[in-house]
Each structure stands twice: as structure tokens, then as C-alpha cells.
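Q: Model the full structure from these sequences, guided by the hints.
Number of protein chains: 2
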Amino acid sequence: MSTDFTDSHTTALQLRSLITADGRLQVSLEPVPVPEPADNEVLVRLQAAPINPSDLGLLFGAADLSTLQAGDNGDLPTITARVPDAAMKSMAGRAGQSMPVGNEGAGRVVRAGASPAAQALLGKTVAVIGGAAYAQYRAVPVEQCLLLPEGASARDGASSFVNPLTALGMVETMKREGHHALVHTAAASNLGRMLHRICAKDGIALVNIVRKPEQVELLRSLGATHVCDSSASDFLPKLTDALAATGATIAFDATGGGPLGGQILSCMESALSRRGEPYSRYGSSTHKQVYLYGRLDARPTEFRNDFGMAWGMGGWLLFPFLQKIGPEGVAKLKQRVADELSTTFASDYAREISLAEMLQPDVIAAYASRSTGQKFLIDPAKDLPALPGL
Amino acid sequence: MSTDFTDSHTTALQLRSLITADGRLQVSLEPVPVPEPADNEVLVRLQAAPINPSDLGLLFGAADLSTLQAGDNGDLPTITARVPDAAMKSMAGRAGQSMPVGNEGAGRVVRAGASPAAQALLGKTVAVIGGAAYAQYRAVPVEQCLLLPEGASARDGASSFVNPLTALGMVETMKREGHHALVHTAAASNLGRMLHRICAKDGIALVNIVRKPEQVELLRSLGATHVCDSSASDFLPKLTDALAATGATIAFDATGGGPLGGQILSCMESALSRRGEPYSRYGSSTHKQVYLYGRLDARPTEFRNDFGMAWGMGGWLLFPFLQKIGPEGVAKLKQRVADELSTTFASDYAREISLAEMLQPDVIAAYASRSTGQKFLIDPAKDLPALPGL
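One line per chain: the protein sequences are W and V, in this order.
If you use the numbering used here, the first sequence corresponds to residues 3 to 392, in order.
If you use the numbering used here, the second sequence corresponds to residues 3 to 392, in order.
Simulated from the structure, these hints should not be mistaken for laboratory data.
Honestly, I wouldn't trust all of these hints.
Copies of one chain are not kept apart here, so a pair can be met inside one copy or by any two copies together.
For lysine-lysine, the following DSSO-like pairs were computed, each having C-alpha atoms within a straight-line distance of at most 30 Å [unchecked claim]:
no.	residue 1	residue 2
1	Lys240	Lys91
2	Lys91	Lys214
3	Lys326	Lys177
4	Lys326	Lys214
5	Lys203	Lys326
6	Lys240	Lys203
A: Quick look at the structure:
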């Protein structure tokens, strides 16, 4: 069912997610007009786009995937699922709006706006950020592009933004907030391994927290020094040892729910008290910070404060961080990503799928499991469904 | 049992709290040398010292007050109680150290060091901060004194620091962190009523959260506009209404444990979403902050994040805040306290007790209950136990 495809088409496919006010999720491929790039924009024919954990939230919302049903809309596949009533409150803001999905991707610039910066990218392979990447075409402002180094493919550059800038953002946040070492959870993920490589290269001590013994092995095989397994019975004392050894007082936690954030603060406090500061009933005066940047653990966040008063917990998100550091700060980070794309910032993919395969229930079951080592890459140019007029 | 008392004594009484390594709390009155003031210090004969909630933590630690037993050490009373084994970890830093208690108080300067600033205070009535205020004498650096206005008694000035500077510190933190209105819990407390008076005077919108219907009445009788009762069935919608009306995006929570902090963030998010920002799966981009400054609720802190990614929770403590704003900032706040001591910063006391009465089980039961309207004042010069050599 592949289709001969040229850039002269005026209509192309885009993946869309819709949650209706009565609690029905529909994901579909929709023919949409190929956009005309504005002066400072380029039109990118996408060739590779990763499925990041952060994409799944928009793609499926609060839908219960056990109710998923495959359907079709003519030649194009669709899926539907129910959103539980209790979850509809949190979906109210998007109800009835058909939304494009896909934070990032990479492809070839096939048209460019009039500006010199846009024209300079014509014919080049670029990574892009800004949403709607699960599509055949995307018009993107030049600032949201990263020119890939000579010889790098779209596949090499597909994950140039979200994971690399998140990992660099964590290190930058650590420095700006006056900490000297850091903690990361879900540390065996693509992002976690990238953060390990950055810290190893930059000489920053990193405490890796994982959830399974085999992930300890994986990280050790990559050269990680401090790896703590939260499923082990001696997790808390081992974590305290690692925190005492590194002096880490800031953590980035992908699990979000459950007790882990509080446990990290508590162990940081124990590690600090080993230094023998004089007793204060308010605890150590050293500020301890945990940023929750994901929600892998769906339980409520819970802690019993035994870590004094000098602590903070909060959300951390890439885009507000990038706004905070401003265009010059962002440009520096992007340049580093381009310079080290095939080393520090290399991503692994378990499987490459087409846009149509994204809507197959068995494929969804695999990529929605968010398992370590199960990162999927979409090739929007692959196996296109036959579409009248395309 | 009162004793004739002059300032020529070299020994005087001080209240001490000790937790032994084997889990026994002992609170006692100890004869200690009357300190000689250093160059920049004054010696204050204390005449009034409040029992603040923040004093109880040091006074009783994690002891189980249901195991409290009265005793004596010669003429001087003592009490003892057990610290549960599970709580001893958090007491490790103070185990075996006899600690003086009492954050603040007021009294007359009876001796002064050589510095002009110290000499200027000789014979004056001052409020003092810095610990060890449950004592007959205390030597204090001049910076930790506040000269009370003409005509103000030690009783009037006993609570010049902790509550006034905490309430002013909350308003100052609100401004420095870019918020325009604030939320306060346990709002019927002395501190809460003080904050209400500050906000009313300064034209700042304040959302008061209380736990009982009669506290709603109390605050309304004082002129409060927004008062929400967390025991009411419509607490969350009413809180959301008040947050929407005021635009408050920062809260100071004295309860610390339980769901309240998360509920406030959640209602802030709902209030923000009424403004009709475009949908983002990351929630509103407006930062929402809850500072936990007390621990009236002993349950674990728990929340289910339905308030997006732009949020923070953390400890808030007066002394680090004062350090952050520096000596000039502190001097400004202190001046305001002195100027409005009998109006904005007036405190009410339910009962006045002696140092010896502090160690009577029935009195402890009353002041340790932390009930609204049950603030106690200690007069260290009252009913002194007969002490050989004093």
C-alpha cells in the first residue's frame, strides 16, 4: 500500500487525537493541507519522529487503553477508547479539540520562506521541535530547527531536542541552583543513559536510581559509578551512601508518584547529617530539591517529612526552562547537541514503524508500555496508506 | 515559694530539654551561670516569653506526651516522657545534649557590653530573639534585640519577633516571588489574625483557610473577606471561588501533613483554568507555590498531581528568610513591628504561667494542644522556686 510521493502535493497525512466531551478518545490519520512556510519558516518532509513518554500524554490523554478498539475511516485506520468519567475533569481543557501530536522529529527541508536563515536550510536535513511531528509535513520556524551535521541522517537526528535538551537542562539547572552533583530516577532510560554520558564527560557525579537488578547491570556496563536499585531491600541505606559520597542535593524524578521523591529528600538529609552539623530541630540548613518531571508511577505522591525545612519539590518542564535561559542559552545547548550527536546524544530505537502502524492495537500495546529499551521511531514516509488525491 | 531577686546573682534558672540516647525525654529547670555580656551584647532579665508552636518541637521533641511523668530534682520540678523507638532516628542529632528552649521573649536590659549600641539599651525594655528565652537571664547580641516603643511593657513586646516577622516574611516572600495575593491556613491563629491585619492595611487579598465553622465567624468578625472552612462539604469549590476572585497563587500552610497542600495547588489550577488559557497537557504555565511552614497535621503529606507542571512545594522557615533579605531588609521589618506593636502586631494570651508551671502536667496538656486562642505567656520572674544560692 505504499504510494509514490512528491513534494508537490497539497494534502498530506497528519496524526490527530480527539477526546469528545462525552469521554471518547479517537486517534486518526487525517488529510490536512500541506502548509506554506512563512518568511522565517521552513517546510520539512518528516522522515523520523520518536515516541517519547511525553508524547503519550497528548496522544491518549486519560483514556483507558484496555477499552481500545480499532476501526477505519475509509482507507485510513482509526482507534477509539473510553475516557473514565472521573478523568474527564482533567481533560476538560482539550475536549472537542482535534489535536496534532509528536513533539519532535527530523527530515528534509523541501521548501523555505524568504528569509536568509530559512533559505540557508533548503535541501538540508534538520531536526525540529514544536509539536505535530507525527505527520508527513510540518512548517517550522527556523529557531525550532537544528541543522544536523554533515552525514547525519534524519534517523540520527530525530531525538535531537527532547531528550538531549532535557538532560542538558537538568545539569544546567543543577549548576544554576547551586548544587554540585545530581540524582536521576528511571536512570536506565534513553534519557538516563544520555545524562550518564553527559555527566561522565563533564566530570559531574551522578546517582542513578533504577527499578530492576538488570538495569543496575546495564548502567554499570556503561561505566556508571553510583547505581541504586529501588526494588532492593537495602535501597535506602545504599542511596544514602551514594548521596554522602557524591554530595548530591538535587534530584530529577521521572516517577512522580509514590514515595520515591520523599525518600530521596530523606536520604539526602541523612547524608548531610553525617557531616556532623550542630543539631537543629529544623534539620540541615542545606537546601534539598527534587524535581518531578514525569509520572511513571500513577500513585499519589506521598512523603512523611523527616528532612527538615530546607527542601523543595516541584514540577520541571523543558520548555519553561528553555524560556528561562533565553535564546543565547538555548543556542549553546543546541550547538552541543549537534557537535556530539553521534556520541553523547545518540538514541537507540527498538523498532521503526509507520504512521498507520501507530494505530494498530498490538503496536500500541508495545509502545504504550514505556518499557526501558522499547523506544519507537516513526517514519512518516513509510508504507503510506493509499489516499485518494495524494 | 517566691524569692527576692536582684541582678547581682551569678546563678539563675533556665529551662532545659534533654533526650537521652535510650529514648527518654527530661525537661527540667537548671541553675546556670548568669552570662556576662560581650562588647556588643546586653544582659536581659526576661519578664515575658510566649510559647509558640515552633517552641514545642524543641521542648518535647518526638516524645509521647501520654507517657509524661512529673518528678523533681530537689526543689525544682522536672518531667520525663518516653520517645518512641521509631522516632529516635529523627532525634539522633540532639541525643544526649541538654538544650535551652524559647525562641523569643522580652525584658529589661540590666547590664550592657562596652559598645555604644549595647550601652544605649541599658535600662530599656527590649524584645529578644535567638533561643534560651525560657530563662531568667539571657545575654543577646544587639542585632537580636528590638527596642520597644515608649510605654510598651515586656508583655506587649514578648511576641515581637516570631509571629510578626513570620507574617511580614510571608507577604515579602509573596512579593519577591512575583505573586499578588496569598493563601494562609490555620488562619484563625494569632499569626493568622496578624497576617489578616497586615494584608487589610496593605491592600493585599488574602484567602484564609480554617478548620472549624466558629473560626469562620471569628475571622469574619475581624473583617476578613475570604474565609474557607476545610471541614465544610463545599470546601474545594469555595476555595476555588476565592482563589479565582483573588488570583492568589502562593500559599503558606501550617498543617504540613495530609492532603491540604495538594488541594490548594489543585484549586489554584482550577481557578487559573477559568481564565480560559489554551489547553496544554502540562497545565497552566502560571507557577503555583505552597510553602509548608508548620506541621499541625501529623499525617504524611499526600497529593495526586492534577495541577500541571508549574508548581512547587517546600519548607519555609523564618531564619533562612531573614538571612536572605539581609540586615537592611530585617531592620525595615523590625521597625514596622515597633511602629505598629499595639495595633497590627498585638498578641492575645489565654494564660500567663511561671517557669515552674511550664512543667506541670495539667498545664502542659493545655499549652501542648496548640488550640486556637490558647496561646500561653511565660513570666520567668513569677513565683520562682526557692533555690539555694539564688
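Q: Does the structure break any of the earlier hints, and which numbers would those be?
A: 4
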